[in-house]
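> Sequence:
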Amino acid sequence: MSKKKTYYIDLSRTVEPDRPPFHWLRFLLLLLLGLLLLLLAFYIVAVRRPEQKAAALLPAFRQAEADGDYSRMADLYDEAQLGSSQKTWPRDFRDRYQATVLSMESEVDERLQTILTTWTSGTADISQDDLNFLNGIGALSVNAVKNAGAEQLQALLNEEQSVAQTRQSLENLLQVEQTKPTLQSYLEAVDPIVQLQEAYAQIIQQSEDGQYTEAMDQLEELIAGEAAQSSEYVLELLRTEETSLKSDMHTYYVSYLNKLIKHKRYVSAESTLEQLNSYFDNDSDLESISETVKENLPTGLVTYAGNVENLTVKPLIVDTSRAFQNNDVASATESSMMTTTEFADLLQQLYENNYVLVDLQYLMDDSGEARQMELPEGKQPFVLTLENCNYTPTRRVYGNNSNLVLNDQGQVCGEYVGIDGKPVIARDNEAIGILEAFVEAHPDFSFDGAMGTISVSGAYGVFGYVLNQRQLDAYNSFATEYNIPGLSLSEADFTSNQEQCQAIIDTLKENGWTFASQSYSGESVTNLSLEELESDTESWQNEVGVMTGSVNTYSYPYGNNFSGDDERKLYLQNQGFKFFLGYGDEAYSAVSQNYYYMSRLVLSGAQMRAGSLDRLVDVSKIYDSNRPYPLTSGTAD
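The opening position of the sequence shown corresponds to residue 177 in this note's numbering, with each subsequent residue numbered one higher.
These are computed hints drawn from the structure, not numbers from a lab.
It cannot be assumed that every hint is accurate.
[Stated by the list, open to error] Label pairs and their in silico Cβ distance ranges:
id, residue 1, residue 2, range
1, THR290, SER338, 18 to 24 Å
2, GLU762, GLU616, 28 to 34 Å
3, GLN337, TYR658, 51 to 57 Å
4, GLN378, THR290, 34 to 40 Å
5, ALA275, SER726, 37 to 43 Å
6, GLU283, GLN587, 56 to 62 Å
[What the hints assert, rightly or not] The calculated lysine-lysine pairs, modelled on DSSO-like cross-linking and capped at a C-alpha distance of 27 Å, are:
id, residue 1, residue 2
7, LYS797, LYS555
8, LYS598, LYS470
9, LYS422, LYS438
10, LYS555, LYS685
11, LYS797, LYS440
12, LYS422, LYS470
13, LYS470, LYS435
14, LYS470, LYS440
15, LYS685, LYS438
16, LYS438, LYS322
17, LYS322, LYS356
18, LYS435, LYS422
19, LYS685, LYS440
20, LYS797, LYS490
21, LYS470, LYS438
22, LYS490, LYS229
23, LYS555, LYS435
24, LYS490, LYS263
25, LYS263, LYS229
26, LYS555, LYS490
27, LYS263, LYS470
28, LYS435, LYS685
Values in this document were obtained by computation on a predicted structure and should not be read as measured data.
Backbone N, C-alpha and C define an ideal beta-carbon position, used for all residues, glycine too.
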């Protein structure tokens, strides 16, 4: 009998039903979905909504203007400004608000300017709606109204409008509430500004002429004066002008001093730096320039107290075969001029005889008195004047240059038409190039980089260039008188001539040459009445002076000069002329406050034969053998 198996059930254990495994991926997906929903909500609430609000600002701004709700316009503008300055917002979002600000300002500006133009035109007819607009838009109008008021005072200071119109304009602008304090101060500045008008005009003219130290001194006098001190606004205006003028002055003088150094004019640079000491303290640019100047200043200078020669040459004879033909023009040419070889030999003789070239401007100091000159020991100073550099029609056919030109190296050359009809351009065709080349080879011949003074008239053109119809008519009339072909020029030709002439003038100034007026007509001025002299001088300034810039030297045509208290002489002095050049065989000068008269010795065939140059050089070593008269003939035509 088999045994039965007994089975026991362990009731202490329980059986769990089957559960699915934990899925991490599903969890992550749900988490990401939640984050996306949060980001979407953030975008809608924090970005999209403000973005939509920004987009709605401009239409609302336009609607407010259409409704005449100008204070609402101001509120919307302030809201746009606030949005553009929210640094916690993304850059592109702030840019949207900034673009809205600019659009608002642009749309308001046209109407704003129209209103302000009407208000400042002197009329008192102001519409209520325009007044409501300016008062309502707040910050959008404040600066524009203040600027409009300031412009009225500037126009008054410049004498561009009347006192009555200025007052009316400012009183109109005073009706804008937020600008009343400022506009009231503007109105109170009217009388002081009127007192400053004349002096201010002089300051502006001086600065335009490059007379910065004079302009700055006068401006500082105005700032310290009663008119400026009586008005805070006027004082502020002049202070602003002072800052601007000082900046222009600094730019000008740094450039000017560097040019002086380039041409080895260290004495002039030192003198200029001394003038600037009171205007610029601890200026690094000027201090650097000063160091360069100190390192190169000439040494061993001594005081010179003798006479100063003024040697004058007319345009040189370059082609003796034509210049010395037997006719009236040739006779005058031979008598009054030197040849190119004579001038070159003259410079060599002067150099060997210890003459040194000085700048005419060096003869007068900054106070308007004769300068106590310091020169290298043993040297005798002279100044050089080139006159009649207008090149008349006869010059083109009788052996002189027809005009000046710049060669490929930018050097000033003389040009004439050769026998074969072809132009001949060379540096040694004219005194300018001959002297520049000589100084390059003998730097010690020129003290402080001096060149010469070029005196020009204007009736027939400048340097052989006919610049306008008036000069063309005079030139052709001259040509007809001597049976010489005239010129036919168009407006385009005038423009081209002006540009070429200006380039030559600029180059000459850069190289150290200065300019003088020889009157406009080039004829003797002692036969002119005061009114005729005034007209002649104005013509020179308008047609020649505009290219040369301001000049302070008057070279009397043919040496015929005014003297004493002649009202014509006083007129010329009032026009800014300080140096007056006449004729004389001996070195002579007369000096008083801001007045320096010199006689000038014309170097010519006649003067060489007359013995006028014997005190300077051995004429036999320079006299051109091609001349029709021998040096010993005694002929002094």
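> Would you mind marking each hint as holding or not holding in the structure?
Hints and how they fare:
Between THR290 and SER338 the beta carbons are some 23 Å apart, a value that agrees with the proposed interval 18 to 24 Å. The hint said 28 to 34 Å for the Cβ distance between GLU762 and GLU616, and at roughly 32 Å that hint holds. The supplied range of 51 to 57 Å is met by GLN337 and TYR658, whose beta-carbon atoms lie about 53 Å from each other. Roughly 36 Å separates the CB atoms of GLN378 and THR290, a value that falls within the hinted 34 to 40 Å.
Against the hinted window of 37 to 43 Å, the Cβ-Cβ separation of ALA275 and SER726 comes to about 50 Å, which falls outside the hint. In this structure the hint that GLU283 and GLN587 lie 56 to 62 Å apart at CB holds, the actual value being about 59 Å. Of the pairs offered as hints, the one joining LYS797 and LYS555 holds, with about 21 Å between alpha carbons and a cut-off of 27 Å not exceeded. Taken as a hint, the LYS598 and LYS470 pair is broken in the structure, with Cα atoms around 50 Å apart against an allowance of 27 Å.
Taking the CA atoms of LYS422 and LYS438, the gap is near 24 Å; set against the 27 Å cutoff, the hint holds. A hinted pair counts as satisfied when its Cα atoms are at most 27 Å apart, and LYS555 with LYS685 qualifies at roughly 26 Å. Between LYS797 and LYS440 the alpha-carbon distance is near 31 Å, which puts this suggested pair outside the 27 Å criterion. Only pairs whose Cα atoms come within 27 Å are accepted, and LYS422 paired with LYS470 is accepted, the gap being roughly 25 Å.
Between LYS470 and LYS435, the direct Cα distance comes to roughly 16 Å. Compliance with the 27 Å bound is thereby established for this hinted pair. Between LYS470 and LYS440 the alpha-carbon distance is near 12 Å, which keeps this suggested pair within the 27 Å criterion. The hinted pair formed by LYS685 and LYS438 meets the criterion: a straight-line CA distance of about 13 Å does not exceed 27 Å. Straight-line distance between C-alpha atoms of LYS438 and LYS322 comes to about 48 Å, which puts the hinted pair past the 27 Å bound.
Between the alpha carbons of LYS322 and LYS356 the distance comes to roughly 9 Å, so the proposed pair stays at or under 27 Å and holds. A distance of roughly 20 Å separates the Cα atoms of LYS435 and LYS422; the hinted pair therefore holds under the 27 Å criterion. Only pairs whose Cα atoms come within 27 Å are accepted, and LYS685 paired with LYS440 is accepted, the gap being roughly 15 Å. In summary, the hint linking LYS797 to LYS490 is supported, as the alpha carbons are separated by about 20 Å, within the 27 Å threshold.
For the hint pairing LYS470 with LYS438, the CA-to-CA distance comes to about 14 Å; that is within 27 Å, so the pair holds. Restraint check for LYS490 and LYS229: not satisfied, since their Cα atoms lie roughly 82 Å apart, outside the 27 Å limit. For a cut-off of 27 Å, the pair hint linking LYS555 to LYS435 stands: about 26 Å separates their Cα positions. A C-alpha spacing of about 75 Å is found between LYS490 and LYS263, which places the hinted pair above 27 Å, so the restraint is violated.
The suggested pairing of LYS263 with LYS229 holds, with an alpha-carbon distance near 18 Å, which does not exceed 27 Å. Using a Cα cut-off of 27 Å, the hinted pair LYS555 and LYS490 holds, with the two alpha carbons roughly 25 Å apart. About 55 Å separates the Cα atoms of LYS263 and LYS470, which puts this hinted pair outside 27 Å; it is violated. For the proposed pair LYS435 and LYS685, the alpha carbon gap of about 10 Å is at most 27 Å, so the pair holds.
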